[in-house]
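A.B. asks: Note that the protein sequences, when read in sequence, are chains A and B. Start counting the first sequence at 78; every next residue gets the next number (the working numbering). Start counting the second sequence at 9; every next residue gets the next number (the working numbering).
Treat each hint with caution, since some may be false.
To give an idea of the interface, some chain B residues facing chain A are shown, with a C-beta separation under 10 Å as derived from the structure [claimed, not checked]: (1) LEU22; (2) VAL168; (3) PHE178; (4) ARG245.
Keep in mind that the hints were calculated from the coordinates and are not lab data. Idealized CB from N, CA, C, for every residue including glycine.
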Amino acid sequence: MADSTLTAYRHLVAAQVRSQAQYRASFAVDVTGSVLFGVLDIMSVVVLFRVTPTLGGFSFAEVFLMTTLAGCAFALADLAVGNVERLRQYVRSGLFDALLVRPLSSLAQLIAMDVATRRVGRVAFGVAMLVLAAANAPVKLTPARLALLAVTPIAGAIIFGAVFVATATVAFWWIESGEIANGLTYGGLNFTQYPITIYGALFRRLFAYAVGFAFVAYYPTLALIDRPDPLGAPAFLGYAAPAIAIMAAVAAGLVWQTGVRHYRSTGS
Amino acid sequence: MVAAVVTNSVFGFLRIAVMLAVFEAGTRTVAGYNEPQIATFVFAGQGLIGVVLLWALPELAERIRTGDIVTDLLRPIDPVWQQLAGDLGRAGYAVLTRFVVPVVVGALVFELYAPKRSVTYGLFMCSMVLATIVCFACRYLVSASAYWLLDVRGPQTAWVLTSGIFGGLFVPVWFFGDAMAIGLIMATPFPSLIQIPLDILIERGSTTVRLGLLAVQGAWVVALLALCRWVQSRGERKLVIQGG
Chain A
78 MADSTLTAYR HLVAAQVRSQ AQYRASFAVD VTGSVLFGVL DIMSVVVLFR VTPTLGGFSF
138 AEVFLMTTLA GCAFALADLA VGNVERLRQY VRSGLFDALL VRPLSSLAQL IAMDVATRRV
198 GRVAFGVAML VLAAANAPVK LTPARLALLA VTPIAGAIIF GAVFVATATV AFWWIESGEI
258 ANGLTYGGLN FTQYPITIYG ALFRRLFAYA VGFAFVAYYP TLALIDRPDP LGAPAFLGYA
318 APAIAIMAAV AAGLVWQTGV RHYRSTGS
Chain B
9 MVAAVVTNSV FGFLRIAVML AVFEAGTRTV AGYNEPQIAT FVFAGQGLIG VVLLWALPEL
69 AERIRTGDIV TDLLRPIDPV WQQLAGDLGR AGYAVLTRFV VPVVVGALVF ELYAPKRSVT
129 YGLFMCSMVL ATIVCFACRY LVSASAYWLL DVRGPQTAWV LTSGIFGGLF VPVWFFGDAM
189 AIGLIMATPF PSLIQIPLDI LIERGSTTVR LGLLAVQGAW VVALLALCRW VQSRGERKLV
249 IQGG
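The following block holds chain B by itself, in its conformation from the complex:
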């Protein structure tokens, strides 16, 4: 926990230096962000990593490989909901620890953007919950590929790479150009992890636009959880075939 928070903060300093260097080259806004907004984007983003738990090890995959998963299946609650409940509890605690520390550290050194409208705080909290569920579902799907593959290093690597690039963690997806950014937000779940919560926090666009972004996240939550359920039930059949 301590190690993670320190590391997230160090990376905050590394990322903000690059972002501010972009501003020094001339313009006052870059891809629609001003300096305090980008500072908030970076440090709140470093905190969000710990809340949605972007790079968790695929523990479920290990349980599937070893066969320990059968004890989860014996319980009267579906494994998807079991794991989701646990993950939401973990995320709640992370908001108070892993999210707060990088933001406070960033605020001590840089001028951060504070939301002007009070509704933003509510929207951001909703968005963070949805982001956590989207991230959980994606990680679940990566792990569940172990029902067929047993070794999930390939899917795990693909997930770490794509979520980092297209999630808005390394650079805001708006840096790719508007058309590509909108395409990514609508057609992939990745911007729902980091980019959308942060855009809502720094009040990019009107309240209506931000409500629309929440709806996009909500749609991904429904679609991905349904997919998790479906994959899980297919996987259970596969598990029986393997003699589990």
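Extracted from the complex, chain A is given alone in its bound form:
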């Protein structure tokens, strides 16, 4: 059973990848565009440091590490589940019915059918930039820190992925909600690129702690550069991202299940 289920998903994803790479030139343009969006994130930070020596008490090398960690995590999440926002069209057109009658999880099907292959460009660029940032920042590499450097983008991607799924689920209640999701997904990328010390108290509580965005880049960076938190949080939070990621994924799963129970077909 488990084997044949996995095979089904593998076929779904493979079919998607093949179809999206069918027109070579279009695919190449899409991949290039995806890389350029990654470049844009880096550029914003570089330009900001043209006019200021520090940001929220952190130097360029330190902020650059946060930016690349956030960029990597977001790119991975965007590649895997970014297109889940198309749920709106599935709900509006009634196409979601088709997913429900199949003997596979509706969420997993949606993710497998909408995997955005072109976004590998942004992931590859993100990883390259992360390596550059880690070499450039004052990181004293120990085995623990090396493991942290490898695990953080994955944990961050799960946190972003959970946000993608949870915000897309809103479409079950409110079809025109699309841009609200952007505030938390793309807004989340924007938020995690910079040290959380720059945000006002209310905004920080909401984005950094309630949603868990502080664990995508900020706390792991503090642990990597061996610097105490200016806001006074304990040092072990630098290694807490995987636990937060699991909690975020479970929460997103619960939101999704509630949403599916509220789904009413268009009936057409």
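Following the hints, put chain B in place on chain A, whose structure we already have.
C.D. replies: Leaving out everything else, chain B in the frame of chain A:
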């Protein structure tokens, strides 16, 4: 509409935090802006996105691809003017909704810069109209590339990226340095979308300088609309070849 306004406002808070952090690092002015000016720049900018409609989906491109464009061509008005008229009407409504809300939200939380001279309001309104037309023309050109390409994702991505960076949305173009900023304003249409209207609103430079900026926008409007007309007529010929 509600979703867009909320999202624009949320991004206003994200962007203002970064900008104010730049001020906290020391200086009183950054690239010629003081704190209230940059706050106005950010929140009025978040409102302007909805007025000029920076990231509209290329619907015209879809009409060209499917062939629906032929019904537009049957009408006795040129497609460029048809679409422009519709877009100006939409923008007028957006001024009352999508522009006002982020500015009010920003004003509730931050100290915004209110223009000192009454002439500024008139100049800003003119500038906003010109920005809307420039943005419309750019989007039209992106969509019209569908006459040749059919799939406009490449041009659309290029447009979203360049308009964001060089339009003054993510950071004021003056952050790039004076020489590059002036070069961008003169040689590309992008600063005419967001940067120029906002600089006029926060009274950067004398009235003469700001009138000069309006003239730059006006020149881009004329040049881009002429280009739209030319591309459209070439595209119509291409459409016939495709059997449309």
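A.B. asks: Each of the hints needs a verdict: does it hold here or not?
C.D. replies: Structure-based check of each hint:
no.	hint	verdict
1	LEU22	5 Å, holds
2	VAL168	9 Å, holds
3	PHE178	5 Å, holds
4	ARG245	24 Å, violated
In summary, the one numbered hint that this structure violates is 4.
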